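Engineer: For reference, the chains in residue letters:
There are 2 protein chains.
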Amino acid sequence: LEAILPNGEIIQTGGKYVKVSTGYDLTQLLVGSEGTLAVVTKAILKLLPRPKAKITLFAPFKDLNDGIRAVPFILKSGVIPVTIEFLEKLGFNAMEDYTGRKVPIRERVRDEAEAFLIIVLEGKSSEEALRDSEFISDVCMKHGAIDIFIPPTERAGRELLDLREKAYYAAKDAGATDLVDIVVPRGEIPKFVEQIHEISAKYATVIAGAGHAGDGNVHLAILEQDADKLSMILKEIYMVGKNLGGTISAEHGIGSEKRRFLLEMEDKAKIELMRRIKKAFDPNNILNPGKIF
Amino acid sequence: LEAILPNGEIIQTGGKYVKVSTGYDLTQLLVGSEGTLAVVTKAILKLLPRPKAKITLFAPFKDLNDGIRAVPFILKSGVIPVTIEFLEKLGFNAMEDYTGRKVPIRERVRDEAEAFLIIVLEGKSSEEALRDSEFISDVCMKHGAIDIFIPPTERAGRELLDLREKAYYAAKDAGATDLVDIVVPRGEIPKFVEQIHEISAKYATVIAGAGHAGDGNVHLAILEQDADKLSMILKEIYMVGKNLGGTISAEHGIGSEKRRFLLEMEDKAKIELMRRIKKAFDPNNILNPGKIF
Numbered sequence: 001l002e003a004i005l006p007n008g009e010i011i012q013t014g015g016k017y018v019k020v021s022t023g024y025d026l027t028q029l030l031v032g033s034e035g036t037l038a039v040v041t042k043a044i045l046k047l048l049p050r051p052k053a054k055i056t057l058f059a060p061f062k063d064l065n066d067g068i069r070a071v072p073f074i075l076k077s078g079v080i081p082v083t084i085e086f087l088e089k090l091g092f093n094a095m096e097d098y099t100g101r102k103v104p105i106r107e108r109v110r111d112e113a114e115a116f117l118i119i120v121l122e123g124k125s126s127e128e129a130l131r132d133s134e135f136i137s138d139v140c141m142k143h144g145a146i147d148i149f150i151p152p153t154e155r156a157g158r159e160l161l162d163l164r165e166k167a168y169y170a171a172k173d174a175g176a177t178d179l180v181d182i183v184v185p186r187g188e189i190p191k192f193v194e195q196i197h198e199i200s201a202k203y204a205t206v207i208a209g210a211g212h213a214g215d216g217n218v219h220l221a222i223l224e225q226d227a228d229k230l231s232m233i234l235k236e237i238y239m240v241g242k243n244l245g246g247t248i249s250a251e252h253g254i255g256s257e258k259r260r261f262l263l264e265m266e267d268k269a270k271i272e273l274m275r276r277i278k279k280a281f282d283p284n285n286i287l288n289p290g291k292i293f
Numbered sequence: 001l002e003a004i005l006p007n008g009e010i011i012q013t014g015g016k017y018v019k020v021s022t023g024y025d026l027t028q029l030l031v032g033s034e035g036t037l038a039v040v041t042k043a044i045l046k047l048l049p050r051p052k053a054k055i056t057l058f059a060p061f062k063d064l065n066d067g068i069r070a071v072p073f074i075l076k077s078g079v080i081p082v083t084i085e086f087l088e089k090l091g092f093n094a095m096e097d098y099t100g101r102k103v104p105i106r107e108r109v110r111d112e113a114e115a116f117l118i119i120v121l122e123g124k125s126s127e128e129a130l131r132d133s134e135f136i137s138d139v140c141m142k143h144g145a146i147d148i149f150i151p152p153t154e155r156a157g158r159e160l161l162d163l164r165e166k167a168y169y170a171a172k173d174a175g176a177t178d179l180v181d182i183v184v185p186r187g188e189i190p191k192f193v194e195q196i197h198e199i200s201a202k203y204a205t206v207i208a209g210a211g212h213a214g215d216g217n218v219h220l221a222i223l224e225q226d227a228d229k230l231s232m233i234l235k236e237i238y239m240v241g242k243n244l245g246g247t248i249s250a251e252h253g254i255g256s257e258k259r260r261f262l263l264e265m266e267d268k269a270k271i272e273l274m275r276r277i278k279k280a281f282d283p284n285n286i287l288n289p290g291k292i293f
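Listed in order, the protein sequences are those of chains P and V. According to this note's numbering, the first sequence is numbered sequentially starting from 1. According to this note's numbering, the second sequence is numbered sequentially starting from 1.
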């Protein structure tokens, strides 16, 4: 990274190497600091070779527990997918409605399924990707999938994934007022979602879940218009996540919206330490003031 | 991580998740801080599934340039080895002498070869590993390898790698007074080693190289007994590395030995920033004083 410090000095962190132990890791400290430590003016990224082949699997399950429980078996199988997404029926239906596209699964399966996994595999050749997809299909069927649908072309696979990517817009369109970005240990997703359903029932508010099952990142669309109720719901959700070993934000950061929850829930000693780091970089608090802390 | 701060407070950083953006990344800041920021009392690591199959390739080249130039082609081929090590003849001979084991390569190849790559591949099955090893052998032969030797068993492969791992002891045994741990962009390894040969000739000192070609980390054994001369040699080596975009330490850290070189060569603004971070954690400088800075 190239970054400008609040005193106007320019630093370069990291370099064109994959291993370094020369002093503190300033790169990782700047990444995710949301502009509170320095202004990043250049970032050089590593490119990975483009995979030769890609296959998308769509696996419906009778309930979310079954779907999530299949994930560790997938991850332990030796074939590591690049993406494992999960969807609850509520979100799936909303996305089909929003995009006006229907995933071509059998009607019987559609009636039975309460949750879905979308799994993307990459391979060095289409033969390898095909072999891996058969292997992962077996793992899914052995661990509760009702059926497996493999889009016939890469393009159809991308469309399926695109459906999942539209979750945000579908949720916004449906009137979601907050989109939670919590992360929990991936084995805890079923427990987390179960408790979210209880919160949803308690407050009589629609909460639809979708997320990255491969990394424990759960997004929830909360359809609650009352600000006080929303705030109570959010606090309960974050507490559930925290008690399961998770944390408030997986990929979108704290900003000003989640600031209150961070300060309330995070360990005081850590917050204090982060404030001192902030001060070490920016003693006059001129960079993105009011964010994170 | 669980870590104790200098004021006695205990913090936990990170968690059982693969993605997080809740405040600053304290885990990466503590990793590599050499005990100067906190005392790490617990570290929970992620385990990767053990690969089903492993194949080691030994590729002799006419010179180091050829060997190193093959590396980017290997890395771009789509088959990513877990290890790519390089050895110069000098180091190779020393290791064979030290271990008393001879790598079974043909005499003609042994005479011609000036450098070697040791490449380790892992696969989900022995068929896959075999396919990949044939593929990588072709890439090596196409890019200058004189021959390819594949140990017939996994055990023989481990022994070959073990030979490389003995470099440290072989160098110590031969009278090495310093073992450089520099990192340069991996494409710059040939230029780096070439300039090291010039330094070696200039000071009439044996400098033997071996390293991790896959990540640009070069270890040099310097057989120089005169402390002043050693210091001049080291400074020249670090300057060469720096000018090629590298840095002083790849994996062993700064400690007290490399402190002087760090302070002399590293950007002043960065050193000052690191000192302020150190102060934010440890205002009374009670943790590992005198290390790094």
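The hints are simulated quantities; they were obtained by calculation from the structure and are not laboratory data. Everything numeric in this text was worked out from a predicted model, so none of it was measured. Be a bit skeptical, because a hint or two may be false.
Since the list gives no way to pick one copy over another, a pair counts as held whenever it fits inside one copy or between any two copies.
Said to hold, decoys possible - Below, a list of computed lysine-lysine pairs in the PhoX-like style, where the Cα atoms sit at most 20 Å apart: (1) 102 <-> 16; (2) 89 <-> 62; (3) 124 <-> 52; (4) 16 <-> 279.
Engineer: All the hints need checking, so say for each whether the structure fits it.
Structural biologist: Each hint tested on the structure:
1. 102 <-> 16: Result: close neither inside a copy nor across copies, 45 Å intra and 36 Å inter.
2. 89 <-> 62: Answer is within; shortest intra-copy Cα gap is 10 Å, inter-copy 62 Å.
3. 124 <-> 52: Both ways: residue 124 and residue 52 sit 5 Å apart in one copy and 18 Å across, limit 20 Å.
4. 16 <-> 279: neither (29 Å within a copy, 29 Å between copies)
Hint compliance for this structure: hints 1, 4 are not met, and every other hint is.
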